[in-house]
Amino acid sequence: LARHLAAPAEEATPVMPAVAVAEKPEAAVARLRREIAVAPDKPELKLDPALALMHAGEADAAQAELDALPANLAEDARAKRLRNQLDFARVLKDAPDMAALRTRLAANANDHAARDLLGVRLLLDGHAAAGLDEFLQILKTQRDWNDGAAKKRLIAAFSVLDDEELVGSYRRRMA
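Quick note on my numbering: the sequence shown kicks off at 5 and runs consecutively.
It should be emphasised that the hints constitute simulated quantities derived from the structure, not laboratory data. Source: prediction; values computed, not measured. Wrong hints could be hidden among the right ones.
Claimed, not checked - Taking lysine-lysine and the PhoX-like style, the derived pairs with C-alpha atoms no more than 20 Å apart in a straight line are:
no. : residue 1 : residue 2
1   : K156      : K97
2   : K144      : K155
3   : K46       : K28
4   : K84       : K156
5   : K144      : K84
6   : K84       : K50
Stated by the list, open to error - Estimated spans, in silico, between C-beta atoms of each pair:
no. : residue 1 : residue 2 : range
7   : A153      : M102      : 32 to 38 Å
8   : R175      : A110      : 27 to 33 Å
9   : A133      : K156      : 17 to 23 Å
10  : N150      : A31       : 36 to 42 Å
11  : V42       : D148      : 20 to 26 Å
12  : A134      : N112      : 17 to 23 Å
Backbone N, C-alpha and C define an ideal beta-carbon position, used for all residues, glycine too.
Generate the whole structure from the sequences, applying the supplied hints.
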């Protein structure tokens, strides 16, 4: 083992890692498309450009990529998650800011449209529990509002969130 271990003098001189430069979303999309062209027999790569386009803020292009996926990939968990993220992003496209939504709710606590938009905004801004609480509030006060939109939002949010403990807690509360 001594032959394969570094000598103590070598360990004392640390090597500075190269600084990773964040890849721009447009460059990522171009790189991913080149990778797909090189390896067309790997269908799992076809979802990656859609993810990169979503991160670049190009929801329509990401949706087009998703629609072009083969049937087996269209039902993939990552594809479903991306679809839900795109739906949430589309909801907020022309939505008022958070302060305006809170003002609307202060004026009318039963303004479910404002509460729904606030929940989506909170969810996408990283305040998942607060966003889920807004959807639950709609579910408690008017279960069938907008053809059950609150329940649909909760289920979509569950697929987007990574925190399994939070999702499990809110699934139980929804039930």
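Each hint, compared with the structure:
A distance of roughly 19 Å separates the Cα atoms of K156 and K97; the hinted pair therefore holds under the 20 Å criterion. With a C-alpha separation of about 10 Å, the suggested pairing of K144 with K155 holds against the 20 Å cut-off. With a CA separation close to 24 Å, the supplied pair K46 and K28 exceeds the 20 Å bound. As the CA atoms of K84 and K156 are separated by approximately 14 Å, the hinted pair is consistent with the 20 Å bound.
A hinted pair counts as satisfied when its Cα atoms are at most 20 Å apart, and K144 with K84 does not qualify at roughly 27 Å. Annotation: proposed proximity of K84 to K50 holds, straight-line Cα distance about 14 Å (limit 20 Å). Checked against the given bound of 32 to 38 Å, the beta carbons of A153 and M102, roughly 19 Å apart, lie outside it. Between R175 and A110, the C-beta spacing of about 30 Å keeps the proposed range 27 to 33 Å intact.
Hint check: A133 to K156, Cβ distance near 19 Å, so the stated range 17 to 23 Å holds. The supplied range of 36 to 42 Å is met by N150 and A31, whose beta-carbon atoms lie about 40 Å from each other. For the pair V42 and D148, the supplied restraint of 20 to 26 Å is violated, since their beta-carbon distance comes to about 51 Å. At roughly 19 Å, the beta carbons of A134 and N112 sit within the given window of 17 to 23 Å.
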